[in-house]
Amino acid sequence: YQSHCTKSIGDGLGRQCFKKSEVECLIRLFHSLVERANVRLNNFGLDRNAFRAILHSVFGMTDDMLMNRVFFAFDKDNDNCINAKEWVKGLSVFLRGTFEEKLKFCFEVYYLNGDGYISQEEIFDMLKNSLHQQSSEEETDEGIRELVDITLKKMDYDNDGKISFADFEKAVKEDKLLLEVFGPCLPEAKVECQQLKLVKGTF
Amino acid sequence: MGVALTRSAQWTAAGYGTRTLEITPLNEVILKEIAMFVESFIYKHPQEAKYVFVEPLEWKTNLDPSAFESGYIVSETTVKSEEVDKDGQPLLFLSVPHIKIRSLGQLSRLLLIAKDRKLKEAQACIKANRDPVTKILGLDYNTVKEDTSTVNILDKITKDEDPESEIKMKVGMLLKQLDLYLLNHSLKRISLQICLNPTTVKNHIELLKHFSGKGEQTVLESIDYTSDYEFSNGCRAPPWRQIHGEICYVLVKPHDVETLCVTCSTEGVFLNGGKTEDEGEINYERKSEMYKDLVTFLKEKSAKFSENMSKQDIRFTEEWKKENEEPKEVPKKEEADALPKAFLASSKNILEKNQINFGKIQMTKRLEPTLNWKATVDFKKHKSLLRNTQEKKHGGRLGRSGPPVSPGRAQLVRKSAEKIEEILSDSSSENEEDEEPPDRRQEANADLPSEYWQIQKLVKYLKGGNQTATVIALRSMKDFNLAQETCQLAIRDVGGLEVLINLLDTDEVKCKIGSLKILKEISHNPQIRRNIVDLGGLPVMVNILDSPHKSLKCLAAETIANVAKFRRARRAVRHHGGITKLVALLDCAQSSAKPAQSSLYDARDVEVARCGALALWSCSKSNANKEAIRQAGGIPLLAHLLKTSHENMLIPVVGTLQECASEENYRAAIKAERIIENLVKNLNSENEQLQEQCAMAIYQCAEDKETRDLVRLHGGLKPLASLLNNTDNKERLAAVTGAIWKCSISKENATKFREYEAIETLVGLLTDQPEEVLVNVVGALGECCQEYENRVLVRKCGGLQPLVNLLVGINQTLLVNVTKAVGACAVEPESMMIIDRLDGVRLLWSLLKNPHPDVKARCWRNGSLLVGGLELIVNLLKSDNKEVLASVCAAITNIAKDQENLAAITDLGVVPLLSKLANTNNDKLRRHLAEAISRCCMWGRNRVAFGEYKAVAPLVRYLKSNDANVHRATAQALYQLSEDADNCITIHENGAVKLLLGMIGSSDQDLQEAAAGCISNIRRLALAIDKARYT
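Chains A and B supply the protein sequences, listed in that same order.
Each residue of the first sequence is one higher than the last, beginning at 1 in the numbering used here.
Each residue of the second sequence is one higher than the last, beginning at 1 in the numbering used here.
These are computed hints drawn from the structure, not numbers from a lab.
A portion of the hints provided could be inaccurate.
Said to hold, decoys possible - Distance ranges between label pairs, derived from CB positions:
| no. | chain 1 | residue 1 | chain 2 | residue 2 | range |
| --- | --- | --- | --- | --- | --- |
| 1 | A | Asp141 | B | Gly273 | 22 to 28 Å |
| 2 | A | Phe165 | B | Leu535 | 38 to 44 Å |
| 3 | A | Glu142 | B | Pro636 | 56 to 62 Å |
| 4 | A | Asp141 | B | Gln47 | 41 to 47 Å |
| 5 | A | Met65 | B | Ala483 | 49 to 55 Å |
Claimed, not checked - If you want the footprint, here are the derived chain A segments under chain B, 3+ residues with CB under 8 Å:
| no. | region |
| --- | --- |
| 6 | 89 to 96 |
| 7 | 125 to 131 |
| 8 | 154 to 166 |
To be verified - Listed below are the simulated SDA-like cross-link pairs for lysine to any residue, each with C-alpha atoms no more than 20 Å apart in a straight line:
| no. | chain 1 | residue 1 | chain 2 | residue 2 |
| --- | --- | --- | --- | --- |
| 9 | A | Lys176 | B | Glu508 |
| 10 | B | Lys304 | B | Asp224 |
| 11 | B | Lys460 | A | His132 |
| 12 | A | Lys128 | B | Lys460 |
| 13 | B | Lys463 | A | Asn129 |
| 14 | A | Lys154 | B | Lys460 |
| 15 | A | Lys153 | A | Glu142 |
| 16 | B | Lys460 | A | Leu186 |
| 17 | A | Lys128 | B | Lys457 |
| 18 | B | Lys460 | A | Asp149 |
| 19 | B | Lys463 | A | Glu142 |
| 20 | B | Lys457 | A | Gly97 |
| 21 | A | Lys176 | B | Ala603 |
| 22 | B | Lys299 | B | Lys457 |
| 23 | B | Lys478 | A | Leu186 |
| 24 | A | Lys19 | A | Glu139 |
| 25 | B | Lys550 | A | Leu186 |
| 26 | A | Lys153 | B | Phe480 |
| 27 | A | Lys176 | B | Ile42 |
| 28 | B | Lys32 | B | Arg117 |
| 29 | B | Lys214 | B | Thr727 |
| 30 | A | Lys128 | B | Gln467 |
| 31 | B | Lys457 | A | Leu186 |
| 32 | B | Lys135 | B | Glu216 |
| 33 | B | Lys460 | A | Gly97 |
| 34 | B | Lys457 | A | Glu139 |
| 35 | B | Lys44 | B | Lys60 |
By construction, the Cβ of each residue, glycine as well, lies at the ideal position given by its N, Cα and C atoms.
So here's chain B without its partners, still in its complex pose (with noise of 0.2 Å):
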């Protein structure tokens, strides 16, 4: 408890360095709030001023005994308060110039005598006594741990009720909010006067340039300085510009604004007049207002810079406190005064994170005692839960790996608690801010633009206004850029957001308009979103949804579409009730539809539905949601609703039912309630987004056969053939090429693509494409080139080379698919060819042979990878080639160690088409062939197997070539083919027992050993057939 304190004292103690009665202005400050606090003590806390301290604080006192007057027994030297102790002891005893007081109200008294001389017996107080919490409420108060300590005192207070205990715990909580109020106001003071050096502005730049380059995610383009010559004080200003305190010069390229040029002080940031372009001269002129560092800079000139930085924030703040720390612990050339103060800084950092946290668990509990502190806390191990299930979820969205949690499980899961189940059943893992960001308050201290100002007066009317002046202060809130991050923290800052909410839940109509529409636009802000839920929001919302008022409704659907971008708001929408009331707006456009009705109200009742779907598109991340979204009889109405031809309407009611498409039973009802036509239809239009989310509507439902069908003969494959000619729009290439995958796993489909020359386009985005897009694209042509005039057309297209290519991947699904399609490819002998000339079957191999080991242990991720290379391997014995033919055996030989492996090739056939080889008069490929057989022999009823599929007879003949190698793999061969006593009576009646019995003799002990072994085998048949016959 009173660590903190004990903390600031010394902090304070360390502030007078060189302990003479100097006050530096900071120190000033913090006396004079500890004075006034003591000092109205005694009118404030009467009970608590009556507390005696376990020690008394003992000073020298400039003091004269004969200042003090009524309540105290003065003589010359000494005074004694009346107030005594249950002991008798007076609180307060002066012996010129030693004093001790034991209570608040005496030390209270004291400064009220003192009047002017206060502040100086206060600090000759505190000097003299470094560690005054620990005298006052005695040491188990001030080494308790931070962590823990509310428990132990809560613990405390409820165990012993003595009355004297409760008031030790009140003193000692109205010390630390003093203490508390006593850090943040020295924080403001000292944050003022903190301003920029070259190393904290270099670490800024570098930490920038670390979370710059091209793409969305990146808080900029680029950030460069304009010279790269560093002087040795830190600066890159030319010398006659670091008089004025410059420091350097930064070219900045942010995505939405053209290329700022920057210069960056001690006394802050601004624009300056740029560069000019012929000679290179820098223009120094000031053309900005000055803002204390970079990042607030570029967040006031570039709105995709905050945007992506509040995305960023976790990351980025991390490291930019710990720059911001480094050079104050290592001050090198600051003002006297420096030392002091940063040493103040940096304890400030940890102490306020601390204590800040503290004082806001203690607030909870007192304000709200159990839910609040529940959830929190609840909260946090959700959160880590969450991680842990996102990882595993790493597949991603568009080339899902791993199986979808199977139907019982996910009820099972249902069935469990309510945490879990939320977990678990939330399907989008990707484009999702699901950590909270920590909560940004503006600085009290940053220069505060204008606009907050100006926006805290409009917020003083809000509340105190009638309806007149609350619409006219809204009107005017809204000519704000709200989409500035300035505007919307300001507004929740100044206590805005309270305000809002709270005309939601008034009666009057515009004012609720008005209030949505201003949350509707600073909704966009995540943190905002967030404040939002927290201030009980999204109920009041779910209400308005009920209202008579179109465009309530409307503005009140899009705003939750906006806020339920999380987790916890989309199961708060739901346990409200909102997705009912949601899917009740889709109904509008149908129920008023009258061919009565004029056009004017069709609008608005299209803008409603289109609200409506809006935000149960946003609703739909999360599985629970799904269910509710079809409990409710929602698809019947998106269905409806996907016949109209208002395309800002089509987008989020496809971009709903796509989101639902995960689930078994939407699939099933989306069939039921036709809409693939529409779906269909829809790909033709013009709206790109439109067309996207049709595609993807597409590929998340065409896993059935009927759906394929229903696409073809709605003539769906013909559009999606045509988009895939534009290949800019990077998302909707994506969906195309996966819902073009989809379809052609049935044959037909795979038909009509080569008739739209889909293929060949196919195979021209095989290179230069994001995996996302890829893993689609060879998926579709492994399904395409089960189909030999396509397998063909991808021989002929050159596009074998790009796939073997993809070979060394590491995507998981990627080399799935590749080696599917390679392997269907393979089918073909001139693909096979070229296949092998190409190295594909090494590359395969290799590939093969690297997630061996893990097989076993990482079993689905890479079974279904080793299958479709079985499958490959497999296949290429169909191959013409001879050479590539031995290759294959070798390779089956190897593969065929491994037992999963041996059963995985018998299932796909390997037998009859290596029996189907044994008649070739090529000595290398006996050899592997007959080593391959042997192999082979291992598993199963192979054996039996190679006998039916006549492989027996060819094989003795091997026994007469020339080759030694040859030799020894069929008697090994033979050897292993004679454990069936078919086999062996073939083995017999081909005469092979005669060529055995002249190896027997052979110097290769292989060799002997595998002929002895056939020979004997064969000869203990004949021993038992005789035995058989004479018994």
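Same shape as in the complex, but just chain A (with noise of 0.2 Å):
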């Protein structure tokens, strides 16, 4: 079962970027995480809870609202939850992307209601925590939404008070830094050497 399951998840890679056995690999993983994860074995994928605690354990990531909207980039056919293909595909970027597929992950990431666009409102909810809370809520609210105008003003390029993907890549093209504006997103460079690892079998 394991071996047709990695061919035609290689199959679908189309460009390949990892090798056969580290996709083997990937996948044996996939599997154990399911097994340790799911009570009800009719699932074979990994629930959002089940996946976040992995993005957490071992991307340490923290922001629970990233958190969820990694897990719906993950998901590529929105049933909620991430199979073995979608698992392999989406760890490829995260772990091995080129600059252009971590640019598109990111702003998959980012917009979330799925209009192609990052609006002044989405940002402001994923910068809501991004200030410690100062003497007023008011204070804080300020603040937050002068950062919206800077990001705005730093990438927004045609002016439409909105982030399109051109925008995006224009302004992270300038500037490696604005790839992850909005919050982490992909595993930082350190965990992401660690990680490495992980695919080499030696998890």
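The two chains are supplied separately, each in an independent frame; assemble them into the complex guided by the hints.
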């Protein structure tokens, strides 16, 4: 079963970035995680909670909202569950993704309502917790609003009050620091190095 | 301690002027502050509030006894406090209308009781007690001198552990703090109201003119008034514009911006519409914001100006201050309240200086008891020492005239204290800002630009945000014009530097990158560099060099490269192990340059190495760092990098090598690592800076023959020669000519240079070049002219004229080279004639005369010059021209009067040359030659040598001449020569005795004596021989 699975996923990936052995290893890992996380045996995937637990423990992410968003970005078929194929695909971007792939991934994480734009309100939501509570809530809110303005000023090239993919791409290409501008949604460089071990089967 | 408040009380009193109850806004503010301070004193410092004054504060109060309530014993006309001192005396005593108070606590209560009348009370109190601090603390606290006060007081505390004096001390401190606060506060208000007047504007412009002109170092290219006519009130603006408060119009040309037409008005300085081309009319309309003065305006408009200003800061601000103070002291037409204000301001200037220093010292002392205190003191000593050494090193780098510190000495120095080591070991003395400029904070009252507030807001987010917010804030900060001083200082002044440096200590890679990107930009500012070092930024950055993240490493190294532009920073880098880590960065390109890796990785590794080299370049300006680089194994790595072809990286790599090549062991290593080959290769690059650095490196290395040969074998001479043709870039030209000079010391190289037609070019460079270039050009010609063909070439190209012209210079290094070059040319008879015709010998002679008295005092400096000159003189003896020879002989006679010179020319082979000339019929030459010979006999075995070179026999023939002068000179020479037995025999054999006997009868006394002396010598010898024969 596994080899079959590997093959189909391997084909599906098209542009290979993992070696075959690595893919196998990832799938094995996936199944062990599914087993560990899922009591219901009929489910062949990771649900949101299980996935978030993994994001947290393995990739060191902390922001709940962003973890949800990452989950949705992984879950291509919107069935609220990540299957083996989605797992491998997602991780390939996560761990071995090219700059363009990561760019696309981040953008997907950041726009929620599916209209292809990151709106002002969405930015506000994402930055909501980025400032430590100051003296008053109002003040904090004002600070966040200011941050939203700053990012929009910086990234909204066509001045339509929202960030399109083209805007995002242009801004990030100009300065790579902006890749995760609205919150961490990729494993950190340091974690990334460690996680490569995971792929190599030493996990 | 109390001096400040005393003074402040004085000026407060002075502020009242006529002593009416009238309250100026300023005084009101001060009063309010004092009242507030006193009022809250009892709560804030209950302990100190009980302290009993030495003398009570007394004044006439308007308060009614009935106002006093609990805690007081009230009668109809008197009030006593229940609180009493040790002797049972009440601390507050009121007998209408007089009141006496003896503690701050009571004072505090009184103000509370007075309620809305408290300001009046406070005013009355201060008016009546002109010196409150003395009364409170006693006379001794007031009279201590400012500079020693802390020490004294500390002494006091430690000596008598009296609890009371401790409290006293605390009270003193508190008053002091209040005072400082008041001063600062009122200063802010005052300076807001000061506006420009014609005198200040004029002074500013004059001052700026003083620092303007061509060249890189000046602050401006030019600054001029639009109109020459000055009205009697000091304004230059036409009267109808003076109504608007305009004073004058100025045309300013900064280095980097177009000419600006500026209006100076009483309200400030702004850009106007400019001068129209055709009519020369000025468009008076305001085109920019208003700035408080010209400097602020120019700083905003021209980056170059602010950069150069910060360099010249000390010089400038000092004068600036002076200028600013003067008009204040002589106020002319200010408003009614201007006089007290001016007085206030000027006393404030003095006061503030003392106090703020005092405050600072106190702070450091309290927070960091020993270290900082010591450091500041040490540093001052250090600096003055440093000045001295730098002055001594004045010779400069390119034309190093003095011998380098000998290795033995250097070692000795290294062993001694670190401080001294640092002073002596620094090789670079020029292009470096080693004086620490005074810290300039942006004045709080200045019109702060909008950037300031924006940056302040961003720093707030940096402080209070999580990673995401931080990155956004950092990114946004980077969008400011960080090259502008306003922004750089704004970041610092709102506390951004601390935050940025703290961020480097976190784990967040993105924050670190963002922070370094900003630090990298703003560290171009010399002040920021120092702030970074003070805040401990260097160790953190050094740690980052270990990071696996490449772009992080790069940024850290680049920032270090910027910061390590002054000595203290370079030392810090070394002490925190930075040199080893930087050297390790150079390794990057090697270890990962495996064939499998893609070119992308390659490029990043090159970048890492480039940044590492850049930082090393900055660091290598200190000798101790050079050694550290070598020990860390930097040379082979640099050598390896040199083989690559990334131009950007090569510049810092060669720069580092060049800087280090001043050390002997580096030169050896450079030879061993076959670096010369690559240096030569890079001479052919297109990049001017790279060419310059390579040439510099060759200049430094070509001290020994092997290296010079290597340069030739690798074909380095041709590119050097061809680089001579581009004379626009003076730095490069200096480096190239320097390299040619050193290379041409080898004969083969000199020949090659002729083939490449470098000689002609060099001759062309003898005029209109800066001294650094001239020194090298002349040095090169001097070396090349050791060869016959080159000498001819120099003459044919007309090189002698400019060379001789250079003999009148004053640069010692240059003169040494010039005399050497002229001397080398003079070997050629034809050249000699030209030199003589050009008055070269006379010039040289005057040159020799001038430094002559100094020879003993400044031996090494002029010694080489003198030797160069002597060499030339002696070489001139090879001439064929009798006239030249005669004058040279005359010169030698004079020179030889000094024993040291005589020794020198003897070493240079003057005896055989003079002897060769002996067979001549020219009476003039004969005379001078004989004089010269007689002089030269005075040294060593020259007498014998003249005999050996067969100069004696021809001399005897001179006696047959018709010229009496010749007779005298010859007789004197023969007398000297006859001191040697062999010469006696020769003289006798040639039949001199008879001729000499005839001369004894001459009327010339000198001749008589000389002839007689000579005969007596011969006679004595004959007698001795007879005696020897018969015994």
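Quick rundown of the hints versus the structure:
At about 45 Å, the beta-carbon gap between aspartate 141 of chain A and glycine 273 of chain B misses the expected band of 22 to 28 Å. The hinted range of 38 to 44 Å is satisfied by phenylalanine 165 of chain A and leucine 535 of chain B, whose Cβ atoms lie roughly 41 Å apart. Judged by the Cβ atoms, the range 56 to 62 Å given for glutamate 142 of chain A and proline 636 of chain B holds: they are separated by roughly 58 Å. Evaluation of the 41 to 47 Å hint for aspartate 141 of chain A and glutamine 47 of chain B yields a pass: the beta carbon distance comes to about 44 Å.
In this structure the hint that methionine 65 of chain A and alanine 483 of chain B lie 49 to 55 Å apart at CB is violated, the actual value being about 39 Å. For the region 89 to 96 of chain A, the proposed coverage by chain B is not satisfied: 0 residues have a C-beta within less than 8 Å of a C-beta in that chain, short of the threshold of three. Taking a C-beta to C-beta cut-off of 8 Å, the region 125 to 131 of chain A contributes 5 residues in contact with chain B, enough for the three needed, and the coverage statement holds. Using a Cβ-Cβ cut-off of 8 Å, 1 residues of the region 154 to 166 of chain A lie near chain B, which falls short of the minimum of three, so the contact claim is violated.
About 15 Å separates the Cα atoms of lysine 176 of chain A and glutamate 508 of chain B, which keeps this hinted pair within 20 Å; it holds. Simply put, lysine 304 of chain B and aspartate 224 of chain B have alpha-carbon atoms about 19 Å apart, close enough for the 20 Å limit, and the pair holds. Restraint check for lysine 460 of chain B and histidine 132 of chain A: the C-alpha separation of about 11 Å stays at or below 20 Å, so the hint holds. Distance hint between lysine 128 of chain A and lysine 460 of chain B is fulfilled; the C-alpha atoms sit about 16 Å from each other, no more than 20 Å.
The hinted pair formed by lysine 463 of chain B and asparagine 129 of chain A meets the criterion: a straight-line CA distance of about 14 Å does not exceed 20 Å. Between lysine 154 of chain A and lysine 460 of chain B the alpha-carbon distance is near 19 Å, which keeps this suggested pair within the 20 Å criterion. The hinted pair formed by lysine 153 of chain A and glutamate 142 of chain A meets the criterion: a straight-line CA distance of about 16 Å does not exceed 20 Å. A C-alpha spacing of about 27 Å is found between lysine 460 of chain B and leucine 186 of chain A, which places the hinted pair above 20 Å, so the restraint is violated.
Using a Cα cut-off of 20 Å, the hinted pair lysine 128 of chain A and lysine 457 of chain B holds, with the two alpha carbons roughly 18 Å apart. Using a Cα cut-off of 20 Å, the hinted pair lysine 460 of chain B and aspartate 149 of chain A holds, with the two alpha carbons roughly 16 Å apart. At roughly 16 Å between alpha-carbon atoms, lysine 463 of chain B and glutamate 142 of chain A fall within 20 Å of each other, so this suggested pair holds. A hinted pair counts as satisfied when its Cα atoms are at most 20 Å apart, and lysine 457 of chain B with glycine 97 of chain A does not qualify at roughly 36 Å.
Taken as a hint, the lysine 176 of chain A and alanine 603 of chain B pair is honoured in the structure, with Cα atoms around 17 Å apart against an allowance of 20 Å. Distance check on the hinted pair: lysine 299 of chain B and lysine 457 of chain B sit about 23 Å apart at the alpha-carbon level, beyond 20 Å; violated. About 24 Å separates the Cα atoms of lysine 478 of chain B and leucine 186 of chain A, which puts this hinted pair outside 20 Å; it is violated. Taking the CA atoms of lysine 19 of chain A and glutamate 139 of chain A, the gap is about 51 Å. The hint is violated against a cut of 20 Å.
Distance restraint check for lysine 550 of chain B and leucine 186 of chain A: the Cα-Cα separation of roughly 19 Å lies within the 20 Å cut-off, and the hinted pair is therefore satisfied. For a cut-off of 20 Å, the pair hint linking lysine 153 of chain A to phenylalanine 480 of chain B stands: about 13 Å separates their Cα positions. Annotation: proposed proximity of lysine 176 of chain A to isoleucine 42 of chain B is violated, straight-line Cα distance about 58 Å (limit 20 Å). Taken as a hint, the lysine 32 of chain B and arginine 117 of chain B pair is honoured in the structure, with Cα atoms around 12 Å apart against an allowance of 20 Å.
Between lysine 214 of chain B and threonine 727 of chain B the alpha-carbon distance is near 18 Å, which keeps this suggested pair within the 20 Å criterion. Annotation: proposed proximity of lysine 128 of chain A to glutamine 467 of chain B holds, straight-line Cα distance about 13 Å (limit 20 Å). Distance hint between lysine 457 of chain B and leucine 186 of chain A is unfulfilled; the C-alpha atoms sit about 29 Å from each other, more than 20 Å. Annotation: proposed proximity of lysine 135 of chain B to glutamate 216 of chain B is violated, straight-line Cα distance about 58 Å (limit 20 Å).
Under the criterion of a C-alpha separation no larger than 20 Å, the hint pairing lysine 460 of chain B with glycine 97 of chain A is inconsistent with the structure, at around 35 Å. Restraint check for lysine 457 of chain B and glutamate 139 of chain A: the C-alpha separation of about 12 Å stays at or below 20 Å, so the hint holds. The straight-line distance between the Cα atoms of lysine 44 of chain B and lysine 60 of chain B is roughly 27 Å, outside the 20 Å bound, and the hint therefore fails.
This entry does not satisfy hints 1, 5, 6, 8, 16, 20, 22, 23, 24, 27, 31, 32, 33 and 35, going by the numbered hints stated previously.
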